[in-house]
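Q: These are the residues of each chain, in order.
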Amino acid sequence: MIDEHDVREVLQRRADAVPAAPIDAPTAVRRARRRLVLNGAVATVAAAAIALATFAGIDAIRSAPIPADPPPPSPGVLRQNGEVLHFTGVPLESPGDLVAVNPETGEERVIVEDLDTVYSASWSAGGHWVAYETEGPDGDRELWVVSASQEPRQVATGASILGWSSTGAELATIRLTSPLHRNIAGSTLHTIDPVSGETTDAGSIPRDVGDVTSAPAWSPDGTRFVFGSRGGSIYSVDARSGARSLLARLPGQRLDSVDQIVWSSDGAHIAIVNDGEPGGTYVMDADGSNVRVLLDGYNATGVAWSPDGTRLAYADPADPVVWVASMEGSAPTEIGPISAPCGDAFFCREELTWSPDGSRIGFRNAMQGSMDGSASGPGTESIGVSAIDADGRGEAERIDDLTYRSWDGGWYSCECGRG
Amino acid sequence: MADEGVERGSLAELYVAYAPDGIRLAYLLTGDRALAEDLVQDAFVRLVGRLRHLREPSAFWTYLRRTIVNLATSHFRHRRVERAYLDRVAAAPAADTNSNDELDESMHRVLLGLPQRQRAAIVLRFYEDLSDVQTAAVLECSPGTVRSLVSRGMQTLREGLEGMPR
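Protein sequence lines correspond, in order, to chains A and B. Under the working numbering, residues 1 to 419 are what the first sequence spells out, in order. Under the working numbering, residues 1001 to 1166 are what the second sequence spells out, in order.
Keep in mind that the hints were calculated from the coordinates and are not lab data. Where is the CB? At the ideal position from N, CA and C, for every residue including glycine. Hints are not guaranteed to be accurate.
DEER-style ranges, computed between Cβ atoms [as the list claims (entries may be wrong)]:
1. A/Asp114 / B/Ser1131: 36 to 46 Å
2. A/Arg8 / B/Arg1033: 16 to 26 Å
3. B/Gly1113 / A/Met1: 11 to 21 Å
4. A/Glu108 / B/Gly1163: 53 to 63 Å
Take the sequences, apply the hints, and build the full model.
A: This is how it looks when you write it as C-alpha cells:
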C-alpha cells in the first residue's frame, strides 16, 4: 500500500525531473515591471483621462460616427455624491457585484451584479459611464461599459489599459499584445464609442524604441502621448500622425525602468518616476525642457498633481515625508510626515492624492502580513489614511478610506494578500 | 529550497534565487511545465509589485509559495479551463519527463486528478515538508481541514495505485 514516504519520494523525483531551464532573470524582471506599471497605470491613465480632450486631433476619430453638434444624447449621470466604485468579491477568488459606494454613508448601490471578477473600473468624466475590466469564461479579459440608461455592453476583448475622454463621450484603450506578460510594444490604440460600441483604430505603439517600461500617458489635450523606455529615455508620439520623437533623456546614472509618467491637468508639465538603482523622481516641461530632479537616489512612492496642475506632491520613501513642488520654480516645501507607521508589516505601500479642491493632500498607507511571513489572507490588511493641509500648516488628521478613494478617482477592490 | 536568508537584492537576484524552486512547486501542483513557469512568473510579478514595500526579504519564499499555491487554485477554479486541462492531461502520453518509473508516472497522474486543494495539501505536506499548521496557513484553513484534505487525498492515491509495485 502506498504510504506517505512513497509520496514524498515520488514528489521529490518528479520535482527533480523538472528541466533546469536557464532562468532569464532580466527578461522576467522586465516583464514583471511592465506588468506592474500597467496594473498601476490603469488607475493613472483613468485619472489622467478625466482631463483628456475630445481626441479631436486624431483623424481616425474624426471619422468616427459621433456627431460633434449636437452632442450625443446624455445617458444620465450615474455617479452620485462622489461615489466610489468597488468590487465586492475578491478578484480571481470569489464573485461579487460592482457597486457604487457613497463615501459619506458607506451605502452601496449595485451597478452590475454577479461578476466573477473585476480587475479595474473607472468613471467617465461627469460620471455618466463606468468602464470595467473583467474576465470571460475562457479566461480572456473583457472590457465592458454601463450607464444609467444602458445595460452592460462588452466593447473589447483582451488585456488593455483605458482612459475616458474629458467629455466622457469616448473611451481610449491601449490593447496589449499579451494578456500575461503585457508587453506594450506592438500594442494598438483604439477609441470606443460607448453608446454604439463602435471601435476605431488609432495606430500602434512602435516596436523599435527598445525596452518600453511605462504605460503611455495621454496629454490632457489628447494630441500626443508619452512613454518611457529603459535607461530613462522619454518618447513623445503624435496621436495624429504617429510620428515619434525623443522628448528627453533623464539625467543620472543607473537609470532603470520608467515606472510612472503623469501629466499635469493643464498639460504644461510631466512628472516621472524612475525605478532604478538608485532611481529618481523628475518633473519637466511638456516639451521635455527644464528637467528638474525632485528626488535623487530615491524613487518616490507616488506622485500626484494638484487639481489645477500647478503643484506636484510626492512622498520620500526613505523617511515618509510629503513634499510639494511648485511649478513656479521655488524650492519644494516639506509638508510633513503624514504616514501611519509601518510597524511590523511585511508589506507597506504608500500613496497620495489631492482633495478635489486642492486644499488638502491625502496619504494612504496599506500594510499587510507580518515579519515572520505568517497569515496575510483576506481581511488582514491594515489601512492608515490621513490628510494634511497642502500649505503645510496644521497637523495631519485621519480620514476614512472611502474619502481617500473618492479623491483618488473612485475605484478600489479587495487588497487581500492572496498573491 | 532557496536560501531564505537572501538579502534584499536586485529583482533579478531574487528571481534567480527563487524561481527554480517555485517552478518545481508549481509543476507538482499543475503537472504542466509551461503553466508552472507562467504561474511562477505571475506570482513573482504580484510579489514584485510589493517588493518596494517589502519589509523583511527573508520571508520572500514564504510569500512566493503562498502566492503560487493560490494562483494554482485560482487557475483551476475556472472550471472550463480545468476540464480542458484534465482532458489534455488524460490524453497526453506519459512522457512529460525522462523518468520511466511507472510508479512515479502513475502517482503523479492520480495526484493531478485530485481536487486542487487536496493536491495542494499533499504537495505542501510531503514535498514542501510543511507541518499541518504551516500548510493550513498557506491554504487559509484550519489544521484539521489540512489533515482531512491529506487523508482524503492519500485515500484516493492508494485506491488509484492499488496493485502498483512499490
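Q: Evaluate each hint against the coordinates.
A: We went through each hint and held it up to the structure:
Look at A/Asp114 against B/Ser1131: about 39 Å separates their beta carbons, and that is inside 36 to 46 Å. The hint said 16 to 26 Å for the Cβ distance between A/Arg8 and B/Arg1033, and at roughly 21 Å that hint holds. A C-beta distance of roughly 19 Å is found between B/Gly1113 and A/Met1, which places it inside the suggested range of 11 to 21 Å. At about 57 Å, the CB distance of A/Glu108 to B/Gly1163 agrees with the hint of 53 to 63 Å.
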